[in-house]
Amino acid sequence: MHILLIEPDRLLARSYQQALEQAGYSVATGPTAQVAIHAADTQRPDIVILEIQLVSHSGIEFLYEFRSYADWQHIPVIVLSQVPPAEFSDSWAILKDELGVAAYYYKPHTSLTQLLRAVNAVTETIKK
Amino acid sequence: MKQAGQNGQVTPALSEQLLLSIAEQLKLPFLQIARRAELASLEVNDPGALQDIQTTATTAIGLLDNYLFGARLALEDHYQLQMEPVSISSVLYDTGQQLDAMAKLYGVELELSLGGKFGPVMAHRAALQSALVSLGYSLIEALPSLQDKKLRLQLATHRCRYGIVAGMYSDVEQVTTEALRQGRKLQGHARQPLATLTHGSGAGVFVADAILQAMDSELKVTRHHRLYGLGTILRPNQQIQLV
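Taken in order, these protein sequences are the chains called A and B.
Numbering of the first sequence is given in our numbering, commencing with residue 1391 and proceeding in unit increments.
Numbering of the second sequence is given in our numbering, commencing with residue 188 and proceeding in unit increments.
Looking at chain B on its own, in the form it has when it is part of the complex (with noise of 0.2 Å):
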């Protein structure tokens, strides 16, 4: 989806849009800071506030990195990411740790599920890592406004006849590939484009979306066992294999 721009050159809209979600998205931890802290003047007992508004903090800077990540790939025309062999556990692995924490805060479990032993997929670690990060922050927030039971998210990885999938799944049954597909639609021009699976304006599934297409790949719907989820499928590295 491209526009010209006034001296002619081509502007990516896509980017634009991308950028209005982030900005709507980020609103969201400072906002719960601000009254996290208003809490404390107002002398109310709580003794994990330091900490809690600590790991928002955290997170959001986090969150800044990889979205900007995002923005500027979206931003990018024609830009493209060198690929090399990558662990997809370890990818997983450092992706529970770094939202591990806000997980806690919002009472979600995070589970690691590596079904059997897969050889290195061809990737690019950093933006892998960056993509998974955003979407899995989105979905730490997106599901404790969809139910009120116990939660739980699981990355996980398994194979498919195309390559190597690697995801997040839960048994939230919104997900699906129509959900997506719409919420790409009104990506940027609606409060809530993915209204049928969070609240906010899902910036991280289309940060998401954004660096794997630099990785030429794409965010898909996925199921895990009988678990529904969002991930991508990754290429093996063959030479690696013939090794």
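Chain A with its partners taken away, still in its complex shape (with noise of 0.2 Å):
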């Protein structure tokens, strides 16, 4: 299993990347909206995790690019971002069903236990 991981803090992307990597999961890291979307076009992740608030474009525009390419209409993405989910509440819905938004974790309160939990999930859902 692929993943791409878009993660702005070179340190924070080291941590989740070994982790994952020591789940068994192989690991692409981007720092931005623009170099994810090259990773994704040679990488091609079966999941990807992504912070919404990066540098220049944010992770709704790359969202947004993201989806409008069909190869990458149903991959799975998994929100770990440090905004807080109350300032999302009123976007959610574009959020889930627009962009297909598998979940969201709110980054201060998420272990990478929790993460890999949540990777785990997505990835039995795309088995079945």
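The set of hints was computed from the structure by calculation and includes no laboratory data.
Where hints are given, some of them may not hold.
[Claimed, not checked] A few chain A residues that don't get close to chain B, going by computed Cβ distances all over 12 Å:
1) His1392
2) Glu1397
3) Arg1404
4) Pro1421
5) Ile1442
6) Tyr1454
7) Asp1461
8) Trp1462
9) Ala1511
[Claimed, not checked] Per the computed footprint, the stretches of chain B lying under chain A, defined by three or more beta-carbons under 8 Å from a beta-carbon of chain A, are:
10) 274 to 282
11) 322 to 331
12) 353 to 361
13) 378 to 386
Note that the coordinates shown come from a computational prediction; the quantities given were computed from them, not determined experimentally.
Glycine included, each C-beta is placed from N, C-alpha and C at the ideal position.
Put the two chains together into one complex, using the hints given.
Structural data, given as structure tokens:
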């Protein structure tokens, strides 16, 4: 299973990557939306883990771009963000229904174990 | 930017916004430490983890000191720092020393570029260093989130028509006067006031701004050779030069 991790902080990205690789996933990382689009093209991910708050182009802009390609419309996206979910409560329907976000996790309250559990759950859904 | 409080006292609104930025910014090192420590419990082979956690924690403690310094200056009305003749080269050298461990952790190469001999400048040494460390931390953290290639940050000084410029420079073109102007406006109101530069709250930039203002100076977008950066213009100490 290939994961594309879009995380702007290099140190956090390293921790998430190591935990996911230990669990058997192959992980590509990108700090910006632009790099992530290129990585998605070359790596062909099965799952995307996305931070909304990126430099220049936001994670939402990435999602609109990402979903505009037919090949990527059904790839599950897990949002792992430092933006509290309360700030997205009004637009959750758009994230879920329009942009296909499978789950939203608030980064400061999400341990590596919880993230792995979320990724495993999405993986199970893909296998079915 | 001031607001009248309930008892008629004047409250600096900017300092409240600065405190919000600082609180947001300080989440990051704690998050880094928490996740790195958790890796160990997952039995991930990570030989450098303890050292990295220590570096992150030590840097965070240093940052807290700098942020407190900046916040205190921003909260005080008409706070004035005592100026003294200061060697800008030694301030830049010490700033580099303070930032070095964190820069290595982020894969950022720190360089010191002291082009020419400059006499002393008028500044408050501790405040100037505090401003440069706060600014440096923000840029070190921001650079890898902007690009994926080898990263370089230059601590540099050069002469300009108004005095001696001291600042930090990289080849990132997003450091513009317009971005800084917008950032100052949005600080405390937006999660990401310097959206073209950093994914965080950019507190280090605004702390540096507050400290420099207390020295009757300001943070400016400047160029150093072909590099883009943020820095400040310092007044040369004319008296010493005459001697």
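Least C-beta distance between Trp1462(A) and chain B, which was stated to exceed 12 Å: Holds: least Cβ distance 21 Å, greater than 12 Å.
Whether chain A covers the stretch 274 to 282 of chain B (at least 3 residues having a Cβ closer than 8 Å to its Cβ atoms): Per the Cβ count (0), the hint is violated.
Ile1442(A) remote from chain B - nearest C-beta pair above 12 Å: Not fine: 10 Å to the nearest Cβ puts Ile1442(A) too close to chain B.
12 Å Cβ clearance of Tyr1454(A) from chain B: 17 Å, holds
Verdict on Pro1421(A) as a residue remote from chain B, using beta-carbon distances over 12 Å: Pro1421(A) not clear of chain B: closest Cβ-Cβ about 5 Å, inside 12 Å.
Annotated coverage of the stretch 322 to 331 of chain B by chain A, confirmed only when three residues or more have a Cβ within 8 Å: Answer holds; 3 residues pass the 8 Å Cβ test.
Coverage assertion for the stretch 353 to 361 of chain B with respect to chain A, Cβ distance below 8 Å, three residues required: Violated - the stretch 353 to 361 of chain B has 1 residues with a Cβ nearer than 8 Å to chain A, which falls short of three.
Verdict on chain A covering the stretch 378 to 386 of chain B, criterion of 3 CB contacts below 8 Å: holds (count 7)
Reported absence of Glu1397(A) from the contact zone with chain B (all CB gaps over 12 Å): With a cut-off of 12 Å, Glu1397(A) comes too close to chain B, as the shortest Cβ separation is near 9 Å.
Beyond 12 Å from every chain B Cβ - status for Ala1511(A): 18 Å, holds
Assertion that Asp1461(A) lies farther than 12 Å from chain B (Cβ): Given that every Cβ of chain B is farther than 12 Å from that of Asp1461(A), nearest at about 23 Å, it holds.
Exclusion check [His1392(A) not at the chain B interface, CB over 12 Å]: 18 Å, holds
Hint check: violations occur at hints 2, 3, 4, 5, 10, 12; the rest are consistent with the structure.
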